[in-house]
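Undergrad: Residue numbers (my numbering): 6 to 297.
Hints in this document: simulated from the structure, not taken from any laboratory.
None of these values were measured; they are calculated from a predicted model.
Using N, Cα and C, we set each Cβ at its ideal position, and we do this for glycine too.
Certain hints may be false.
Using 25 Å as the maximum straight-line C-alpha spacing, the simulated BS3-like pairs for lysine-lysine come out as follows [claimed, not checked]:
{"#": "1", "residue 1": "K162", "residue 2": "K79"}
{"#": "2", "residue 1": "K43", "residue 2": "K56"}
{"#": "3", "residue 1": "K80", "residue 2": "K56"}
{"#": "4", "residue 1": "K179", "residue 2": "K190"}
{"#": "5", "residue 1": "K271", "residue 2": "K260"}
{"#": "6", "residue 1": "K151", "residue 2": "K190"}
{"#": "7", "residue 1": "K151", "residue 2": "K56"}
{"#": "8", "residue 1": "K190", "residue 2": "K79"}
{"#": "9", "residue 1": "K73", "residue 2": "K169"}
{"#": "10", "residue 1": "K28", "residue 2": "K14"}
{"#": "11", "residue 1": "K43", "residue 2": "K31"}
{"#": "12", "residue 1": "K151", "residue 2": "K135"}
Derived CB-CB ranges, DEER-like [said to hold, decoys possible]:
{"#": "13", "residue 1": "E75", "residue 2": "S150", "range": "20 to 30 Å"}
{"#": "14", "residue 1": "K14", "residue 2": "E134", "range": "50 to 60 Å"}
{"#": "15", "residue 1": "R15", "residue 2": "G54", "range": "58 to 68 Å"}
{"#": "16", "residue 1": "T23", "residue 2": "H113", "range": "36 to 46 Å"}
{"#": "17", "residue 1": "G54", "residue 2": "R164", "range": "24 to 34 Å"}
{"#": "18", "residue 1": "R16", "residue 2": "E115", "range": "42 to 52 Å"}
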Amino acid sequence: MAESLINTKRRINTIKSTEKITKAMKLVASVKFQRWRKYYQENLPYYQGMKNTAAKAIAGAGLSVAMKTECFQKKNGVRDLYVVITSTLGLCGAYNYQIFKELAEHFHPEDEMMFIGEKGMYRYQGIIEKSDTSFLSLMDEFSYSKVRRLRHEILQKYRTGEYKNVYLVYTHYKNSLTFIPTVEKICPLSYEDFSSEEESKELEPVSDVSYQTLLEGLIPHYLDSLLYNRLIESEVSEVSARRNAMESATDSADKIVKKLMITYNKTRQNAITQEITEVVAGATAGKKKENE
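Could you put together the complete structure from these sequences and hints?
TA: Following this line, the structure appears as structure tokens:
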């Protein structure tokens, strides 16, 4: 009985210690979530504005001119390139698993992957033939200049003609409970992607620059804004998933502690009752001997 009480008490203390850790991690993740969500909300109008401007320029240029722009030209490559955004840290629930599950439906072993975040690199080691880890820690000190270098590297790879398509694998943030892993083609760009009614009004010329020259200068900036937006969106999803996971772990630990406390108190009460019973039985036996 005493040993059972000691073991239960030890288990309660262990779970309480774990609960303190998960609660602290939840608070840290909550602060990060608020900060990154603010970045995302502030950046979204800029990205939408860049896409709208690009759409107007493309509508003014027309399909034939747009298709002369490098980012719209199809290549006869032998493989696809996937830019995969995952986390570097763990304890974020099914965040990375959902990305891998979605990616498994698209990529082939001969394709190349460019990893942003260490979890993706570890997951596909030995599975793919080619990989690029030069931007693995891009999110550690996140900046627009780093995103521009990423875009430059992607376009450099696409220019070689080795890749048919370039895909960005990221997590779309819908709300604090819903994150959607997404595979988005970023090269070659599609004319139809910019042809929605609200975006297709022709851009009024502001200079004598030809539409092709305008597009060649504008599209890279559009890709910068797209990559920047998707990276922030993935980070918001990651920290939100981690906050949810730590909140769930904290709640589970609290429930387990409450159940164990009930067990502990019952066992302790039974032990006390047994001791009282033994004392009463001993006293009764002593009185009987005295009476005899």
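Undergrad: Hint by hint, say whether it matches the structure.
TA: Here is how each hint holds up against the structure:
no., hint, in the structure
1, K162 to K79, "holds (13 Å)"
2, K43 to K56, "holds (21 Å)"
3, K80 to K56, "holds (23 Å)"
4, K179 to K190, "holds (20 Å)"
5, K271 to K260, "holds (17 Å)"
6, K151 to K190, "holds (21 Å)"
7, K151 to K56, "holds (20 Å)"
8, K190 to K79, "holds (12 Å)"
9, K73 to K169, "holds (17 Å)"
10, K28 to K14, "holds (21 Å)"
11, K43 to K31, "holds (18 Å)"
12, K151 to K135, "holds (22 Å)"
13, E75 to S150: 20 to 30 Å, "holds (22 Å)"
14, K14 to E134: 50 to 60 Å, "holds (55 Å)"
15, R15 to G54: 58 to 68 Å, "holds (59 Å)"
16, T23 to H113: 36 to 46 Å, "holds (42 Å)"
17, G54 to R164: 24 to 34 Å, "holds (27 Å)"
18, R16 to E115: 42 to 52 Å, "holds (51 Å)"
When held up to the earlier numbered hints, the structure conflicts with none and fits them all.
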